[in-house]
Amino acid sequence: MASYSTNEFKSGLKVLIDGDPFSILENEFVKPGKGQAFNRVKLRNLKTGRVIERTFKSGDSLEGADVHETDLQYLYYDGDSWHFMDAGSYEQFTADSKVVGDAAKWLKEQDLCTVTFWNGQLLSVAPPNFVVLMVNETEPGVRGDTASGATKPATLETGAVVKVPLFVDEGELIKVDTRTGEYVARAKE
Amino acid sequence: MAAIRSFFADRGVLEVETPLLSAATATAPHLQSFKTQCRSVPGHHLYLQTSPESAMKRLLAAGSGPIFQICKAFRESEQGALHNPEFTLLEWYRPGFSAAALMTETEALLERLLRLGPMRRFTYGEAFRKYANIDPFAVSTPSLQEYVVRALGIAPQTATSLERDACLDLILSRRIQPALHRRPTWLCEFPGSQAQLARILEGSPPVADRFELFIAGVELANGYCELTDSKEQRQRFLGDLAVRRRLGLPQVPVDTRLLRALEHGLLEECSGIALGVDRLVMLSAGEAHLEAVLPFPISRA
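Protein sequences appear in the order of chains U and C. To get my numbering, take the position in the first sequence, counting from 1, and add 1078. To get my numbering, take the position in the second sequence, counting from 1, and add 402.
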């Protein structure tokens, strides 16, 4: 992999620090008076999701990380790992709970997920921004109540629990924003 | 611009214009010059000036009296919220002025342009003691490196490669400058190692007669009570080149014409200051990023 000097840093660049892959979020050039120049950089650890801040001497360089993103179809969960397939090449990939993390509760078979690879290994899985899931369990619906804004918890087919309006019934399909975990609307198949 | 020109006209300071392209350039290790080709001159290269300082001092040595200039200056690889590789400087020189007198004149100019109210003056040492709890003259280099790791989150392997002044620069920009956000503040009496082209005030410790103005935490102007001793100036140029060799930075030609002018010229006590005009406009517009006031920053130049 190529290495990148601080003057090539820009948001989205993937680099290695202490053996972990990071994505640059912000890069600020700091130069006091006629002195040494520095770059103050915010980076996200692509393994843990944690954001850190590092300061580098301008001109220092970091090794690039072989990271790329692609869309894979989620196939099934075998009780231990999650299986995905490249819909173009039919190549299959498996991921464990460390990789899938919180995304697990939004994964529905056949859905396309954006996954991140690092050195050919699955690094993280992001569910689609919106998913349509069936309500498995909730209190009985209150017909006609579309205006009060009151909500109740509902357990979805994937196990995720979201707040839904009172009129939503078991067996219905709803659309959920996976980034916020919020109910968006009722949905048809 | 008109307000700046009338300020200096009122005070009998002559506007001058000096070359942007020159055979020599700044030796300071952390200033990188653009190098251009020019086949008609010996050496075939000219440098875009990082400031008009050398040329203006040659005019002063020739007896110009007080002079000012508004011009472009160029510093390679300096790009960010507060930096653009091509920028506008206001630089002026006052023969016979002390650092304090020039600070007062700068305040009068800025009062006309920005209406800032009273400005504080701290020495470099006072500011470090007050805001970082460090005596910048007494502290050892290893404890400075330890400080930047502990307080500023610098990676230990980066910190150990930082020279003393680089640690101080980092503390200045990350600790002191933000703390100066509220009120316009001058820092003066810098460490001797950061004298650049300022004279040294003997004392214990000896300090550089250099002064910098921070407004809203932004470094706006840098001034010196000028070094006029050509022998010492030559030593500093050569010292800079040695540092450049050590850091693997390009060697640049020393400005021998300036050295000769200092040697033979009329330059005695004189103070000079350079003020970033783009930053001045940015501050007066209440912006925090140069791109907000530059029609065509380098990314779109």
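It is worth saying that the hints were derived from the structure and are not from the lab. Honestly, I wouldn't trust all of these hints.
[As the list claims (entries may be wrong)] Okay, the calculated beta carbon distance ranges per label pair:
1. C/ARG648 / U/LEU1103: 42 to 50 Å
2. U/GLU1147 / C/ALA404: 47 to 55 Å
3. C/PRO697 / U/ALA1165: 24 to 32 Å
4. C/SER563 / U/ASP1156: 46 to 54 Å
5. C/ALA404 / U/LYS1125: 15 to 23 Å
6. C/LYS474 / U/GLU1131: 58 to 66 Å
7. C/ALA483 / U/VAL1262: 36 to 44 Å
All of these numbers come straight from a predicted model, not from anything done at the bench. Just so you know, even glycine gets a beta-carbon here, dropped at the ideal spot from N, CA and C.
Verification of the supplied hints:
1. C/ARG648 / U/LEU1103: 42 to 50 Å: At 34 Å between Cβs, range violated.
2. U/GLU1147 / C/ALA404: 47 to 55 Å: holds, 54 Å
3. C/PRO697 / U/ALA1165: 24 to 32 Å: At 47 Å between Cβs, range violated.
4. C/SER563 / U/ASP1156: 46 to 54 Å: holds, 50 Å
5. C/ALA404 / U/LYS1125: 15 to 23 Å: Given about 57 Å between the Cβ atoms, the range is violated.
6. C/LYS474 / U/GLU1131: 58 to 66 Å: With Cβ atoms ~34 Å apart, the hint is violated.
7. C/ALA483 / U/VAL1262: 36 to 44 Å: Between C/ALA483 and U/VAL1262, where Cβ atoms are some 37 Å apart, the hint holds.
In terms of the numbered hints stated before, the structure departs from hints 1, 3, 5 and 6, listed from lowest to highest.
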